[in-house]
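**Q** Protein chains in written order, with our numbering: chain A, -1 to 233; chain B, -1 to 233; chain C, -1 to 233; chain D, -1 to 233.
Honestly, the hints are just simulated from the structure, not real lab data. Quick caveat, the model's predicted, so the values are computed rather than measured. Glycine included, each C-beta is placed from N, C-alpha and C at the ideal position. All the given hints hold, so there is nothing to weed out.
Facing chain B, from chain D, some residues (calculated, C-beta under 10 Å):
(1) 74
(2) 76
(3) 77
(4) 79
(5) 119
(6) 124
Protein chains: 4
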Amino acid sequence: MLVEPAAQIDSFIDSFGNRCTRFFAQQGTLRLSNSTLICDSGLPDEINPNAREIPVQDLPHDVVRYLYNSRYCEVDRFSIIALEHFGSVPPGWSRVQAICDWIHTRVTFGYQYARPTKTALDVYTERFGVCRDFQHLAVTRCRALNIPARYVTGCLGDIGIPVTGVMDFSAWFEVYLENRWWAFDARNNQPRIGRVLMAAGRDASDVAITTSFGMANLTHFTVVSDQVQPAQAHL
Amino acid sequence: MLVEPAAQIDSFIDSFGNRCTRFFAQQGTLRLSNSTLICDSGLPDEINPNAREIPVQDLPHDVVRYLYNSRYCEVDRFSIIALEHFGSVPPGWSRVQAICDWIHTRVTFGYQYARPTKTALDVYTERFGVCRDFQHLAVTRCRALNIPARYVTGCLGDIGIPVTGVMDFSAWFEVYLENRWWAFDARNNQPRIGRVLMAAGRDASDVAITTSFGMANLTHFTVVSDQVQPAQAHL
Amino acid sequence: MLVEPAAQIDSFIDSFGNRCTRFFAQQGTLRLSNSTLICDSGLPDEINPNAREIPVQDLPHDVVRYLYNSRYCEVDRFSIIALEHFGSVPPGWSRVQAICDWIHTRVTFGYQYARPTKTALDVYTERFGVCRDFQHLAVTRCRALNIPARYVTGCLGDIGIPVTGVMDFSAWFEVYLENRWWAFDARNNQPRIGRVLMAAGRDASDVAITTSFGMANLTHFTVVSDQVQPAQAHL
Amino acid sequence: MLVEPAAQIDSFIDSFGNRCTRFFAQQGTLRLSNSTLICDSGLPDEINPNAREIPVQDLPHDVVRYLYNSRYCEVDRFSIIALEHFGSVPPGWSRVQAICDWIHTRVTFGYQYARPTKTALDVYTERFGVCRDFQHLAVTRCRALNIPARYVTGCLGDIGIPVTGVMDFSAWFEVYLENRWWAFDARNNQPRIGRVLMAAGRDASDVAITTSFGMANLTHFTVVSDQVQPAQAHL
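Same shape as in the complex, but just chain A (with noise of 0.2 Å):
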């Protein structure tokens, strides 16, 4: 990552396997950069509906916590809820599927809904937000289900859709089935080719793009992908 004015970057992996960078900023302005080639296999999402539910007695132990409740996912208060509506829904993948066809149906989008302490509750009740709302709100009804969910944050391209250009930041989760996890996204639901995962944690809190200490106000924020042939990429 280039900082600019330069910094000195420490960068270590946090508790959840991801690469975090820190750097102390003087006061002013910060342009912070990145660019990087990533090796995309260009299929879609991975769909697999016999992935099984592993029982809770047989999950692996550092996949245990993403069962647990988070700031905006109150798993605590969706575990009656949870059953109510996906209990007779097959276990598994079906299951998850489920509730992202719920929330994907009944949940609408719109910047404007967007808010720091919106919660999986207040999404539930409100049925209005932004991609992280409705990720929440998929996750923690997977965990009130026992089944381990994990918030991601990341880049979605836009290649195989319609309209174009809308290559942006965006998150989704992951579900913990057979013998991994398996993307899920409650807000596009559907397969998507390209996304780039960057964090991935119990929920938006864990993952924020940046969490700054002191005032930053964010006043440019530009994405820009382009494809290139492996060919390319090798030189």
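Place chains B, C and D on chain A using the hints.
**A** Relative to chain A, chains B, C and D alone:
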């Protein structure tokens, strides 16, 4: 840990550094027991009024996460209130102590006020709670003031306390000042002898004594502690 | 009403049509008592499965306000949820009954679950409460479905109930169907004999048995009811 | 009020003394208009620093209800906080003014912060809002301190305000001191000329400008005010 009827026990270290034990319990009565010999300094909680607050940029990497939101500690809802209340108190030890004094004086203890979903904001408005509630409010305010704070579950002896026989499982919290974690206790708010730290995390959700997936009714809970002399301990 | 030590009592009718009594109490022990003879039909709550819902535009003016929000009945947070849950049930009596059945079946009664700030949304997520909580959730859902509903405080006899001796102050609710108010009770959910309506309002905040401004600790609360024959009553 | 296309209009006085109009609108575009000539004193809001608080026991019967909870004014959650914040300020006018000053200084106005479910507690923690939010917090704190307060919807002129052209529908609140209701405005917090009170109630839920049962999208909203001279007015 002894489990009756016997079950295969699995042990691991969680992301907070706590030793955790997992097992699959059959339906029916379950008895968990454990016995340990602990070497305690016999000294009350250390007090260091000179312990300084560490600027956020100088905090160790693995301490930073204790500034963030968690289920019962809505730091985002306290950022302004905490500053209004304690911003004029000198930073460092005295500010943490002021937070403890405030809570100890203004929140009333009572087992009947416990409820699983009670958050720091609820404690602030209701002013009733159990030990976990006292600590959640303290932890949240410290974090809102950029002082790393973590919630601790453990066993608190009654050594040196006028009313003996109150040795019990309890909760307190720790803050990171100067170069280490220090124990504080907004519930008791006095230095105590013999704190046995069992687990530390972001809030009660991380360090529940037991987390059960499936119906589990607690029927008995007994803690026995005997003070033994070092000579005996070496036998 | 008899107040000991004696105080000047003022009586008035509030905006909901309830008779209220006000007085200024001196510091010290206060004893309030009252005695009344009530003529009851001896019949259980009337049931009328044919009672129709009245379109909002045809509701009497003074009934419309019972469609609105109140402190413990967040109608605005239930407008979508209520429709999802009960929108497919035929409107009118059967819809109200379905709401009562749902709550009666899924919420567990317990005095230890009472707390003054508990709202309908809390009851929906926690599923525990006292009679007031059952009725708040029912009232909120009815209003969210455009069925006027009001909260009632009163005395509920144990006539005809297998376990006698449970005569007590209680809460239930009323809905406006066809051309009048009808009693429903999500807590007991069965027709009862001898409901003595004391006050009706938007929620418990409007019809507290006592509202005291200043410290007031309840030390005793006794209700005595005797069934007398009409002949006696005429004496 | 003129309704186009024409509908049968029904008018009544609600329990707060407000004149309300009801009608049944057909599907399609609806246009509501009204025109009125108001005689205003031309004087700014009256200020009376000597206006005393009335002890609860001496309040008129119909004023007492403005001490109670309502949907957006959770008095029960502010009873302690309000006393801590303003208990040391002399009671009466100065206490209400201190509440307005606090809110005016510490809450930031912005239309993007409006949301229908925002309560006084939300305003206290978030510190952002529209005029209704400013007043809800003020009303709640006054009630928590036993000062009757009611929420007012109306039209606020820009007479005497440097930036003209801002005449708009607005909200303020009134408190009962000495022997009458007085206008306060935590949003503008300065005496204004030409407040046209349209409705008063417990909070915004009681005095919405329009309450529609069924889908209703606001497409245009225009307020035109002309200052006319008394001579003209008499024509």
